[in-house]
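Student: Below are the chains, spelled out letter by letter.
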Amino acid sequence: GDSVTQMEGPVTLSEEAFLTINCTYTATGYPSLFWYVQYPGEGLQLLLKATKADDKGSNKGFEATYRKETTSFHLEKGSVQVSDSAVYFCALSDRDSSYKLIFGSGTRLLVRP
Amino acid sequence: DTAVSQTPKYLVTQMGNDKSIKCEQNLGHDTMYWYKQDSKKFLKIMFSYNNKELIINETVPNRFSPKSPDKAHLNLHINSLELGDSAVYFCASSLTNTEAFFGQGTRLTVV
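For the protein sequence lines, the chains are A and B, in the order given.
In this text, residue positions in the first sequence follow the numbering used here: the first is 1, and each later residue adds one.
In this text, residue positions in the second sequence follow the numbering used here: the first is 1, and each later residue adds one.
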């Protein structure tokens, strides 16, 4: 079945450092890919998405490119801020899974001043 | 206006009790979901309704029963609560094949 694998955390960075959180997926169909963010004590918020190969999703300085050849959707940000500290989830959905979201295990990011 | 709202936000109850969590969305979406997040932050789908019809029912004990009175509401009733049911439960909604919007979560603690 479909699955998502993302790098284990925590990831600890200094403010203004470059961020990469790796995400790879396995899917039988042609999934849509998402990054969600969960700030402490809150629900999940959609950060960005991509619905087909080579699409780039971007929001709030974060970017991720849908790479079909490597089945990847890595999250990047050029300069992180303390306020980016949160748990980041990579997810996919497709018709073969009735469009339910299948999540990776989440990666905690801690940004220090 | 809150897009997806669920109540209560916190729920502490004793083993064996029956409890309900309510969810409402005002986005006009046709699909609603319940997800469970465990203590390690892992998220897993429990149920999904599309236009009030159950379309996803993952391997969940039958003590959990969802009910969708209309497209804007999806409630979760849990019978005979167990310690292992302690988790954060998230309601979400979407249009078919688009991104899901999540509620703030209900932290259930069974003592």
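Check each hint, because a few of them may be wrong.
Distance condition first, Cα-Cα at most 25 Å in a straight line; then the derived BS3-like pairs of lysine-lysine [as the list claims (entries may be wrong)]: (1) K56/A x K68/A; (2) K68/A x K52/A; (3) K36/B x K77/A; (4) K52/A x K44/B; (5) K41/B x K60/A; (6) K49/A x K22/B; (7) K44/B x K49/A; (8) K41/B x K49/A.
Please keep in mind that the hints were generated in silico from the structure rather than gathered at the bench.
Student: Each hint: holds or not?
Tutor: Hint check results:
no., hint, in the structure
1, K56/A x K68/A, "12 Å, holds"
2, K68/A x K52/A, "8 Å, holds"
3, K36/B x K77/A, "29 Å, violated"
4, K52/A x K44/B, "24 Å, holds"
5, K41/B x K60/A, "23 Å, holds"
6, K49/A x K22/B, "28 Å, violated"
7, K44/B x K49/A, "19 Å, holds"
8, K41/B x K49/A, "21 Å, holds"
Consistency with the previously given hints fails for numbers 3, 6, ordered from lowest to highest.
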